[in-house]
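K.L.:
Sequence:
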Amino acid sequence: MLARLLTAATLARTAEAAAAVVLLLAAVRQTGDPAQGATVLAALLVPHVLAGPFVGLVTDRARRPRLVHAGFAALFGLALGGVLLLTGVAPLPVVVGLALVAGSCGPMIFGGLSSLLDDVVPPPRRPRARGLDAATYNVAEIAGPAAGALLVAAFGVPVAALVLSGACLLAAGTLLTVADTLDPEPALDPEPAPAVEPAPAVAAKNAAGAQNSAGAQNAASAQDSAGVQDDAGARDGGAGGARVGVRDGLAAIVRSRPLLAVTAATALASYGAGMITPVAVVLGVAAGHPAGGGLLVTALGVGALCGSLLVARFPVRPAPQLVVVACLLGVGAAFAGLSGAVLGGVSWPVLVAVFAVAGVLDGPLLSSVLLVRSREAPPGTRTQVFTLGAGIKLTAAAVGAATFTVLAAAPPAVLVGVLSASHLLAAAVGAALLRRRTR
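Per full-length UniProt numbering, the very first residue in the sequence shown carries number 1; after that it's consecutive.
The hints are simulated quantities; they were obtained by calculation from the structure and are not laboratory data. We put the CB at the ideal spot given by N, CA and C, even for glycine. Just to be clear, a hint being listed does not mean it is correct.
As the list claims (entries may be wrong) - Label-pair ranges, simulated between beta-carbon atoms: (1) A408 to L150: 21 to 31 Å; (2) V350 to A428: 19 to 29 Å; (3) L309 to A38: 29 to 39 Å.
Whole structure, please, built from the sequences with the hints as guidance.
P.N.:
Written as structure tokens, this is what we have:
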């Protein structure tokens, strides 16, 4: 089941990552100007934080969550295909409308599919599984843009649009084969009855033991039944309990200090991460490598993939919220050192190494964020917590990307300093909120 879920997540997330490149190339080919593509891309991103709670609520209330996950993935694929095919061809309001529909499904692709992992993986294996889940994001970030550019260059925009849409539909079909709930572990076979008939005294003793055993089994059965009902309640808000509302996901984040600390910290870090690609381009040019920005971003992505796979192989044992703070501190320190080095001139290998190290730290960072959301989400709000958290991160990254347009003329050392400051501030805020929890 886990392999199917990870396959579906990789397909959908890679298609989403490739869409941005295909969209901009489609706008340039059809209109000669990327401006329309940028407008449509904004329409794809804006709904994430707004639609996240509603998407999560629908899923949390569903009796068959896989149908909801598959439905959103299919709708995302169809709407995305329409956006890519019609950009520069149909009137802009039509394309923007389709982009808003696709963007409203985006929280399911980013956060919602990760929430489904708890339904198919038993608790002892979840830390490793979270590392593999984080790796699907890394694969999408690395392969998506390259695949989108290659498809457009080799076959044109229409074929690229159909391939990306088809990948999402294939992901939806795969999700239909994923179980809604974790299969219970099989019970042990009872020991065979003795062949020799016991003596009366022994028979009486065995009868008493059988009665006690039956009582224990009934009690255990009742407890297991209650556990199953509680697990079902965790998905739909409970059969007899109060139904969750659209504000409960945000309330869950605010009430849980680990969730609040991780959400606030990663939002601040995502603000800096939103400008990391253009900053990498500036650093590449400054180092004498005009195309080096792409290589730096690739080093970051490959490092993140390696970090995620390391977590899957060697799960992190400390509290995941502490791992988040430590990784943010490490990334901030790495960029702080790079900022100082840029002032005196830094060699190209050092630049690549710093970005790779930052990527490696991002692996346990992301998997720990996912683990905190999973552990801290109250019953009936898990998908809301995942989709809202992902939406907040994406919105912060979009704000960071917009901020770069104001700072674009600043010296490279200043730009790297902003990256460092965002991560160091994120670590400080996360640590402060966690410390406040212990008082």
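K.L.:
So which hints don't hold here, by number, going up?
P.N.:
none
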